[in-house]
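Input sequences plus hints: build the corresponding full structure.
Those protein sequence lines, which keep their order, are chains A and B.
Using the numbering used here, read the first sequence as starting at 1 and increasing by one per residue.
Using the numbering used here, read the second sequence as starting at 1 and increasing by one per residue.
Hints in this document: simulated from the structure, not taken from any laboratory.
Below are the DSSO-like pairs computed for lysine-lysine, each with C-alpha atoms no more than 30 Å apart in a straight line:
#1 A:LYS72 <-> A:LYS91
#2 A:LYS72 <-> A:LYS58
#3 A:LYS234 <-> A:LYS218
#4 B:LYS114 <-> A:LYS58
#5 A:LYS72 <-> B:LYS114
#6 A:LYS72 <-> B:LYS42
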Amino acid sequence: MTTLTERTETKPAVTRPGALAATGHPLVRPPAAAHLSDEQVAELGRELDAVRDEVLAKRGATDAAYIRRVIKVQRGLEIGGRAALLVGRNKAAWVAGTAMLSVAKILENMEIGHNVLHGQWDWMRDPDIHSTTWEWDFVTPARSWQHTHNDLHHRWTNVVGKDRDVGYNLLRMDADQPWTPFNLGNPLYNAILAPVFEWGIALYDLEIPEYKEGLKSKEDMNRDLKAVGVKAVKQFTKDYAATPAVAMLTGSGKQALYGTLAANAIRNVWAHAVIFCGHFPEGTDTFTEEMVEGETRGDWYVRQMIGSANISGSKFMHLMTGNLSHQVEHHCFPDLPSNRYAEVAVKVKEICNRYGLPYTTGPLPKQVASTWAKVFKLALPDTGRFSLKKKAETAGAS
Amino acid sequence: MIRLRRLARAASVLTTPLAAEDILALFNPVYSSRQLRGVVTKVVSETPDSVTIHFHPGWGWKAHQAGQWARIGVELDGVRHWRSYSLSAAAGEDPAITVTDAGAVSGVLVRNTKPGDVLFLAPPQGEFVLPDHPRPLLMLTAGSGITPVMSMVRTLVPRRPDADVVLIHSARTPADSLFLEELNELADQFSNLRVTHLFTAERGRLDFQSDADLELLCPDWRERAAYACGPEGFLDDAEALWAAQPELPAEHAATERSTLTIERFSTNLAGGDGHDGGLVQFEASDREVEADGDTPLLDVGEDAGVLMPSGCRMGICHSCLTPLRAGQVRDLRTGEVHGEPGQLIQTCVSAAAGPVNLDL
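Okay, here's the thing in structure tokens:
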């Protein structure tokens, strides 16, 4: 094999082999897992690999039928909702249309879009349901989001300074992030962010801080700006111009506009709530760069598990969160099909219990309240630092 | 058609990021022109383990030439598999493939296909086609190797009285012999076709070690343009016999010398013992690198200066997906050796298992 001494492309600062080492240990093991020996962590890694292999062996026609059914239902709701809004002057039609369109947009964004873009359905080799071809009903272009989310966030989960999803460059979401007076607005920013979440993510995916720091080239920036510009115009036109324009034929233009605005806002608020419940509730840990240096496969799993939080609830709730209510399982196995997370969760929880690792979960209202409590607390300097760490430690001991 | 397309584009203002056809496909999958599909119109049983599947292709198909093949996609347990099959229908007719049960994919096609089923398609291709100018022909086929030649016979024999075709077809027994009756009928009806059936269970295989068999069955074989299709060994032996023929004097060359055109059904690129690497070819970048069996193809490509898509480099983000053209790869996580032409592989966790061609 030829070796070039100079590379044209920069690799991540911490280089990783094709697959993480099976044995060894990171420079520092996170406090919640400090009681585990290298052998125990390696064994935990093997157990979780086995959980993954078991699903891979079972995955087949029923899973394929599942995602196709969800897509069909979602498109049906989308057409039905939009059609009802075209006669939105009728109050019942408006309510039904807005509700259907909201549900359609939520399904499209979470159970379908997020998961397809993770490559969860790539194994079907269907080019119409594939991570490399999918585009979603969300302002940020799928490719940009895949870079910041699949690559950066899922690789550096909760590593402060590496995973910018910790606060999205806007909020102070961890006590280890230095406080500035700007952070006083934490609750206000978050409240504004929720209903326009898709625009916030589109802005975030542009990686403006990286560009300013010289980590992102001007060509890449221009390419991304162009892509998001084109996408935003299309999205805006569909919901706020074309649909109301057609509805004007029945004198329902204004109502249709209110309907699409409401549906997007509902989807945004819901997605924001669910996503914030993934890593910000009390009990989830964040990590330092020393904790990922030399990380083994087992340690990687540990970080995903103690850095994520689930939402408990009904089957319908899991569907509507795109199974991100199984955030712990999703982070361990981001490319397993989402319909399998529920059965995987039973095993992952048992493994966590057996190894004395925290497994954070709770009903939606409780988890949402917990994330908001953090948003408020961290608006102020140096509050909660002690109590948060202590909480993580007690959770780890339980 | 143009107006329809314009209408569809206009309608996509309301359906973006989906295309209007994605919505139409809810009602009938054939409306998708992004993925070429065909609807099965007829399934005819040929022998106990083979059938001919006739289908009507959707938009995007181009008419096949006699002898060409097409990639056919079918779903097995939720996973799309592609295989190449020769088209056995005459040129100018709706396409048909003749499939013999010889593996997982062909087995499902033979046993489960029924009219109304949808097949995924790629447009026909292949160089195993009739010569541009009329010439006396010799067709040497064995087993399912008859399929592309059948298309040629069906195209040529009924329409061209001036054709001169000799077909020597080998099959194990009469019951295994594809198109037996039809070939005999054609030979009775048209004087431009002469058919010899060889049943290898009775008389043994056609012998290419010397020219004795050919001299007996087709004395003027040296003056004919020859076409051969069948198993690897059959073709290798035929090639060797033709290669051993002395060069004719220059004035006879090109026009009268017997040429042999062959069609192989498979090139076996299956991996070594697992940890053996192989020659990796980046087809679009026109680079070749020897890789060992433990280095991710992503690193192999990057080290060779190929612009590789990449992401997490640990098999979770799927940013590095690259279409495999040929060969097999080993999943560095599970040790599993896998790979089919067209499959998208994660280069960051896949190593070469034997020679590998990538579409990059």
